[in-house]
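**Q** The residues making up each chain are set out below.
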Amino acid sequence: MNAFKILEVTPSPIVDFEELKTSFHRLSEKLRSNHTDGDVAELNQAYELLQNRPNRLKALLAINGVSENQLTGAKKVPEPMADLCMLIGGIWHDVDLFLKDAENYTNLERALAATKALDLLDKLQDLQQKLMIKSTEMHKQLETLNVKWKEVDAVLLNELKNFYLEDVYLSKWMEQLDERMFRLSQMV
Amino acid sequence: MSDVIIGIDLGTTNSAVGVVDCGFPVLIPDHEGHRLFPSFYFNRSREQIEVGHVAKRARGARPERVVYSAKRFMGRVFGDLRTEDVELSYPVECGDKGEIIFDLGEARIGAEDVSAAILSKLKKQAEAYLNLVVDRAVITVPAYFNDGQRKATKRAAEMAGLKVERIINEPTAAALAYGLGRNESDEKLKIAVYDLGGGTFDISILELSGSVFEVLATNGNTKLGGDDIDLALRDYLCLKIEESLGDKLTDSEKALVLENAERLKCLLSNEHEVELSLPFLRDSYSYQYTLRRSELDKLSAEILEKTREHCYRAMRDAKLRVDEIDKVLLVGGQTRMPFVRELIKEIFDQEPDTSINPDEAVAVGATVQAGILSGQLQNMVLLDVTPLSLGIETFGGLMNVLIPRNSTIPTKQGELFTNAVDGQKLMKISVLQGERELAKDNWRLGELEIPFSAGSRGSARVGVQFEIDQDGILHVLARDTTTGQDVKLELKSAVDVSDDEVEKMVAESVEHALDDMKARQSVEVTMKAQRQIEAAMKALALLGDGLTENEKEQILQLVHRLQEELKKDEQTVSVIKQLLLELEERAKPMAEKLMEQALDLALEKKGVL
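Taken in order, these protein sequences are the chains called A and B. Residue numbers for the first sequence follow the working numbering, so the first one is 1 and each next one is one higher. Residue numbers for the second sequence follow the working numbering, so the first one is 189 and each next one is one higher.
Because the hints were derived from the structure by calculation, they are not lab data. Errors might be hidden in some of the hints.
What the hints assert, rightly or not - Just the calculated beta-carbon pair ranges, DEER-fashion:
1) A:Met138 <-> B:Tyr500: 22 to 30 Å
2) B:Arg667 <-> A:Asn162: 31 to 39 Å
3) B:Lys533 <-> A:Glu19: 32 to 40 Å
4) B:Met715 <-> A:Gln125: 51 to 59 Å
5) B:Ala295 <-> A:Gln125: 44 to 52 Å
For every residue, glycine included, the Cβ atom is placed at its ideal position computed from N, Cα and C.
Next comes chain A alone, as it looks inside the complex:
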C-alpha cells in the first residue's frame, strides 16, 4: 500500500495537514457515493498512517526500497536516546506506582496526596521540557531532510532511517508522558 498515492499527496517527510485533510474529505465523498467498502478502509488506513510521523516516515522509506526488516534496529534504543530512556524508566516507575494507589482515592485522600502529586507533576514537566527540546531539534533536522528530499539518494535514505529509529522512541515517550501528565493533573 502506498499511502501517499492513495491520498494523492507528494511523498515527502513532512506533509501539510490541512492539505491532507482536504484531500481526505474529497476522496471520502467520491468513494462513498460509489459504495466500495474495502477502498474506504484503505483510504482511512492511509489517512491515519500519514498523520502519525514515525508511521509516515516508515511508509516513505518503504516506497524507497527500505523494507521493514531493515528497520528492525527499532527494537534497540538508539545510542543518542539511551540516557533519556534510563531517566524515563525511573520516572514512569514512580508515577505509575502513585497512580495505581490513587485509583480508588476519596476526595480527602486525594487532597492529602496532593503534594506528592504536584512533585511528580513537576518531574514530568521537567521531562516534558527535555523532550520538547529534543523534538524541536529533530523537527529542524527533518525540515532539512524535507528540503533535500527532491533528489533521493542512499545517503539521504540512511539519514532518514536513523531519524526514524529515534523518532519511534520519541513519539512513544511523548504519548506516554501525555497520558501520565493528564492523569496526574486530574488529581489536583
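Chain A is fixed; fit chain B onto it per the hints.
**A** Then chain B, alone, in the frame of chain A:
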C-alpha cells in the same frame, strides 16, 4: 427485502423508532400516541410476554419478573459485573458458561432476548404505521460500546427479524439530527455532544463542514448513567424510611421506592422540592418526606463528576482547546437535570445548546442515517471513529496497538506472524481493546489461533488482517504467505471457549458468584471506610487550628459513628455508604484547604511565592 429502512434508538430506559416520510425524519408513535417506548420486559406467564408501557407499569406489583436496563448487560459476561450492577429488583445470575442470565420464573433469558423482544415490538409498530413489511434497520449504540457489545446488539436485531444495515453511534446520530438542513453553509462548526443516558455516558467531538460530518474524537463510559443516580437516591430514601420504620424494607417495597426515586428525580429538574408520599406502605404505616433538589445534587455529584475527565480526554484527543468548541449539544434525559447543565457549563465554559430534544435526537439521527442509506435523503458523508484502541498482547504482557482509538472507520491493519520454533502448527494471540499499557488492564475480545504450514523456525509466515467495519465490529482474515491460503479466523471469546478446564472453573465460580460479589462489596466498602477514617484523622491533625471546634466535632462524630458501624458483626453496606457520603461532604472544606496548602507549597518551592 423491503425498500424502507427504519431507524431505531435502543436505549437503556427508553427506545424509539422512526422513518423518513416525504423527505423528513419522523418518529412513529404507538397506538396510544407515545413516541418513547420504555425498554421494559415483563414475563407475565409462560405464554405471555409484555414489553413497553405495560411492562413498566407491572414493575411495582411483580418486581422480580420485570427486566429493565437490560442494555447494561449487553455483550458482557458475569465475571465482568460490578456489585452495583446486580442490585436490581429482578434476579441476575451467572449461566453455565459465565454468561448473564435473568431468572424470571418459567423463563431464563439473557439481555439479547430482552432487546430482541423490544426491537420486535418496534418493528411491528413501524409496520402498522407504514402498512408495509419492515425488515431493515439502522440501530444506534453508545459510541463507547466495544466490539462484543456491538455484536450482541446486532444479534438481538437478527433475532427480531431485522437486518442491520448500519450500527451508528448515539452522539453521532444526535449530531446528524442537529446538522440536518444546516449543512448548506461552508462554515466549519466544531461541536461537542454530551450524551448522558440511563446507563451510559458518551462525549463526542465533531466537525461539521459542508456535507461532511467528521468525528474527531470520542470518549465515554458504558457503566455510567442516570440509573446510578436513581439507585443512589433509592438507597438514600430507603435508609430514611428504615430509620423511621425501625425495620428493614422488603424487595418489593424497595422496588416501589425506586420507582418513586425515578419520578422524583425527574420532577426535581423543574421544582426545588418535591413530596415523597407512601401511604400505607406497611399496614397502618405511612411515610412522607420532603426531598430538596440540593439533596439530590449532593447524591449525584460524585457520579456526575466522573463525566468531566472523559470530556477533557475527548478534547485532548481532538486536539482542541475548550474555547475552540462552537457548540455543546445535550443528549439523554439525564441532561435535563440543572446540576448536569451547570457542570457542562463549567467544563466547556459556555451555555449548552438545548435546541434538540434530548430524548428523541438519537432516534431522529438513526432515521436520518436510514434515509441516507435508502436514498431518500441527500448523501451526507459521515466519518465516524472507533472509540477504543485495538491491539494484541505481546511477549511480556504488554499491549501492542494496531489500530489507535479515534481512527476513522472502516479501517484495517495488517500484522505478520511467523513460527518461533521448528514445526510449530499453531500460535495463539489475545486480541485486546483499550487504552492501558498492560494487556491485563484492557478488555479482552478473545483469542485467535493462527495456523502455520509446517516448516523450520521462521519459515512459515502468516499475514493477519484486522479490519474494523463501519459498524465498529472487528473481522480477522489470515493469509499464509508461503502457501497463499486464506483463512477466516474466528475470535473466541470467554463464552465461546468450551474447554473442559474453563467450564469447570466457571461452574465452581457460578455456584458462589452472587455470594462472592456481596462479600466483595462488603469488603470493599469496609476498606474504603477504614481508609477514609485514617485520612480524616490525618487531615484533622494536619489542619488542627485551621478548623472551628464545631467543624472538628462534626467530623469526629461521623468518624466515631463509622467506627461503631464497622465494629458490628452484621454490617450494613448501605449504612456505611451513607456515612461515608456524609463524611466526604463534611470533609470538603478540609480537602479544599489541604489542596490549597499543597498548591501554595509547590509555588513556594518554585520561588513564585
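**Q** Each of the hints needs a verdict: does it hold here or not?
**A** For each hint, the structure was consulted:
Separation of A:Met138 from B:Tyr500 is about 28 Å and conforms to the stated range, judged on CB atoms against 22 to 30 Å. Between B:Arg667 and A:Asn162 the CB atoms are about 33 Å apart, so this pair conforms to the stated range of 31 to 39 Å. Under the hint 32 to 40 Å, the C-beta atoms of B:Lys533 and A:Glu19, about 37 Å apart, fit the expected range. Roughly 33 Å separates the CB atoms of B:Met715 and A:Gln125, a value that falls outside the hinted 51 to 59 Å.
Against the hinted window of 44 to 52 Å, the Cβ-Cβ separation of B:Ala295 and A:Gln125 comes to about 59 Å, which falls outside the hint.
In summary, the structure is inconsistent with hints 4, 5 from the numbered list given earlier, while agreeing with the others.
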